[in-house]
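K.L.:
Please model the entire structure based on the sequences and the hints provided.
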Amino acid sequence: LSAAGTELGEKRRPAARLKAWWSNPWGKPRFLILFTWAYILWSLVPVAIAVQFGFNAGRSRSTWQGFSLRWYFQDPNLSVLHDPSLRAALVQSLQLAALTMLVATPLGVALAIGLARWSGWGSRSANFLMLFPLITPEIVMGVALFLVFVHLFGFVQLGTMAQVLGHVTFTVSYVVIVMRGRLFSVGREYEEAAMDLGASRWQAIRTVLLPMLYPAIWASLMVAFAISIDDFVISAFLMGDQSSATIPVKLYSAARLAPSPAINALASILLFASMFAIAFAILVMGRSRKKEGKGGSAVEDFARLDL
Amino acid sequence: VSAPDERRAVGERRWLWPSLAAPGVIWLVLLFLVPLYAVLAVAMGAPDPIFGDALPAWNPLAWDPSEFGTIFGEIFTGQLDIVFLRTLVYVAVATFLSLLIGYPVAYYVARHAGRYRVLLLMLIIAPFWINYLMRMLAWVNLLSTDGYVNQVLMFVGILDAPREWLVGKHETVILGLVYGYVPFLILPLFAALDRIDQRVIEAARDLGASSAQAFWRVTLPLSSQGILAGCVIVMLPMFGDYYTATLLSGSPKTNMVGKLIEQSINTGGGSGRGAALTVVLMSFVAILMTYYLYSVARASREART
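The listed protein sequences correspond, in order, to chains A and B.
For the first sequence, the working numbering assigns the number 1 to the initial residue and increments by one for each residue that follows.
For the second sequence, the working numbering assigns the number 1 to the initial residue and increments by one for each residue that follows.
Note that these hints are calculated values from the structure, not bench results.
Given the structure is predicted, the values throughout are model-derived calculations rather than measurements.
We treat Cβ as the ideally placed atom computed from N, Cα and C, and that holds for glycine.
Take the hints with a grain of salt, since some may be wrong.
DMTMM-like mimics (lysine to aspartate or glutamate), calculated; alpha carbons at most 25 Å apart, straight line [said to hold, decoys possible]:
(1) A:294 x A:189
(2) B:253 x B:81
(3) A:291 x A:192
(4) A:294 x B:194
(5) A:290 x B:194
(6) B:253 x B:171
(7) A:294 x B:197
(8) A:291 x A:191
(9) A:291 x A:301
(10) B:259 x A:75
(11) B:259 x B:194
(12) B:259 x B:81
Only part of the chain A face toward chain B is listed, based on derived beta-carbon distances under 7 Å [to be verified]:
(13) 35
(14) 107
(15) 114
(16) 251
(17) 270
(18) 299
P.N.:
Structure representation (C-alpha cells):
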C-alpha cells in the first residue's frame with residue numbers, strides 16, 4: 001500500500017509542483033514569466049523557421065523536405081552563389097556597409113568628441129541636428145536625398161555613390177550615440193592630467209583619450225556596419241537601377257513572388273552578418289568593462305543605448 | 001609659459017572642439033537639412049510645361065502651393081481621406097497592441113528577471129539586428145496558403161479550409177506592424193522601469209498598498225515618461241512605413257500614406273506630388289518629433305543635475 005502511495009505521489013508531484021509554483025504568492029509574478037517567454041518565442045521562432053527553410057532540400061518555403069545547402073551554393077543556377085542577381089545583391093550590401101562604416105565612424109567619433117567637450121549654443125544646436133536623422137521617418141529622408149541628388153547635387157549619380165552618402169548621413173548619429181556614453185564616463189580628467197604633464201591638447205586627445213575610446217570605436221564600427229547592411233528604405237530610393245539593389249531591396253521585391261528558398265538563404269546570410277557584427281561589438285565592450293573592473297554587463301549598456 | 005604660448009593654448013582650446021565637430025555638422029547640413037529643403041522646393045515648384053515633372057522652386061518668393069491645394073482637395077473630397085484615416089487607425093491600433101505586449105515584458109525583465117536578466121535582454125535586443133524585411137519574409141512564409149499557420153489552425157479545427165492571409169487583410173498588416181515595431185517600444189520602457197527606485201515601491205507596500213495598488217499608483221505613473229517616449233519611437237517609423245503592407249497584403253485596400261509617396265516618386269512626373277505628400281506627412285509627425293526632442297532634452301538636463 002505504501003509503495004503504491006509513493007508511486008501515486010511521484011506521479012502527482014510534477015502537476016502539484018506546477019500548481020504550487022503558479023499559486024505561490026511570495027514568488028515572482030508567474031503570469032509575467034510565461035508572458036515574457038511566450039513573447040520571446042513569438043518574436044524569434046518565425047525568423048528561425050525562415051532561416052531553416054533556407055536549408056530546405058526542396059523548392060517549398062512552407063514544407064520541410066530535408067536539409068541541404070542547395071540554396072546557398074550547391075544549386076548551379078538558383079543558389080545565392082550562382083544566381084547573378086542574388087550574388088550581386090550580396091556583394092552590393094557588403095560593399096555599401098563596409099564603405100559606410102569606414103566613412104561614418106571617423107566622422108561620428110570626431111563629432112561625438114566635439115559635442116561632448118564643447119559647450120555653448122553651437123554645441124546645443126549641433127546636438128539637436130544630430131538627433132533629427134534618428135527620429136525622421138526613413139521615407140522622408142529617402143525622398144529628400146533622392147530629390148536633392150536629382151535636382152541639386154547632380155554630380156552624384158544615383159547608385160552606389162548616392163547610397164553611401166545616404167547611409168553615412170543616418171549612421172553618423174548612431175555612432176555619436178554609441179560614443180557618447182563612453183565619453184561621459186571617461187570625463188576630462190585624463191586629458192587635463194596629460195596636459196599638466198606637458199602634452200598639447202591635440203597630443204592629449206591622440207595619446208590619452210583615443211586609446212581609452214578604442215572599445216567604443218570598435219563597437220561604433222560594428223554598429224555602423226549592421227545599421228547600414230540592414231537598411232532598406234534609403235537604399236531603395238537611391239538605387240539607380242537593379243545593379244545597385246541590396247539584399248533588403250531584393251527581399252522587398254522577391255518576398256512574395258520568390259520561386260525558391262534561395263531568398264531565405266540570402267536573408268539568412270544578412271542575418272548572420274549583422275548578428276556577427278553586433279556580437280563582436282558586445283564582446284569588445286564587455287571585455288573593456290571587465291578590464292576596468294566594472295560590474296554589470298555590456299548587454300545592458302547596449303539595451304540602454306536606445307538605438 | 002611665455003605669453004604667446006599661452007595665447008596659442010587658449011586659442012587652441014576654443015577652436016579645437018568645434019573644429020572636431022565641424023565635418024559631421026557640415027555633412028548633416030548638406031545631406032540632411034538641404035535635402036529637406038529640397039523636398040519643400042520641389043513640392044512648391046511649378047510643374048514643367050513639357051514633361052509634367054515638378055521643377056524645384058528654390059526661392060520662397062516663387063513658391064506655388066498648387067500641389068498642396070490638390071492634395072487637400074483630395075483629402076476633403078474623399079479620394080485620399082481613406083488612406084490618411086487608415087494610416088492613423090493602423091498606427092493607433094498597432095501602437096496600442098505593442099504597448100499591451102511590450103509593457104509586461106519590459107516590466108518583468110527590468111524588475112523581476114533576476115539571474116535571467118542578461119539572457120532575456122539579449123533575446124529582446126536580437127530582433128533589432130534582424131533585418132525588418134526578413135522578419136516580414138518570415139511571416140510571408142508562415143502565412144502562405146500552405147504555410148504553418150494555416151496547417152496548425154486546420155489541425156486544431158479552427159479553420160476548415162486554408163485562409164488567404166496575405167491578400168488585403170487589415171489584421172495581417174497590423175500583426176506585421178506590431179511584430180516589426182514592438183522591440184523598439186520595449187527598450188525605452190525597460191530603461192524607464194529599471195530606473196524606478198525599489199524603495200519607493202517598498203514604501204508604498206509598507207504604507208498598506210496592495211501589490212496591485214502599488215503598481216497602479218506608483219510604478220505606472222513613474223513609468224509614464226517611458227511609455228510616452230516608447231510610443232513616439234514606434235509611431236514615427238510606422239507613419240512612414242509602406243513596406244509592411246506591401247509585403248503582407250499587397251493590395252490597395254491596405255495602402256498607407258508611405259505607399260502613396262513611394263508610388264508618386266517612382267512614377268514619371270509624380271515627384272511634385274510625392275514631395276508634397278512628404279511635406280504633409282512630415283508636418284503630421286512634427287508634433288511627435290518635437291515631443292520626443294523635448295523629452296530627450298529634459299532627460300539630459302535631469303541627468304546633469
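K.L.:
Work down the list of hints and note, for each, if the structure agrees.
P.N.:
Here is what the structure says about each hint:
no.: 1; hint: A:294 x A:189; verdict: holds (19 Å)
no.: 2; hint: B:253 x B:81; verdict: holds (13 Å)
no.: 3; hint: A:291 x A:192; verdict: holds (23 Å)
no.: 4; hint: A:294 x B:194; verdict: holds (19 Å)
no.: 5; hint: A:290 x B:194; verdict: holds (22 Å)
no.: 6; hint: B:253 x B:171; verdict: holds (12 Å)
no.: 7; hint: A:294 x B:197; verdict: holds (21 Å)
no.: 8; hint: A:291 x A:191; verdict: holds (20 Å)
no.: 9; hint: A:291 x A:301; verdict: holds (16 Å)
no.: 10; hint: B:259 x A:75; verdict: violated (36 Å)
no.: 11; hint: B:259 x B:194; verdict: violated (38 Å)
no.: 12; hint: B:259 x B:81; verdict: holds (14 Å)
no.: 13; hint: 35; verdict: holds (5 Å)
no.: 14; hint: 107; verdict: holds (5 Å)
no.: 15; hint: 114; verdict: holds (3 Å)
no.: 16; hint: 251; verdict: holds (4 Å)
no.: 17; hint: 270; verdict: holds (5 Å)
no.: 18; hint: 299; verdict: holds (5 Å)
Taken one by one, the earlier hints fail for this structure at numbers 10, 11, listed in ascending order.
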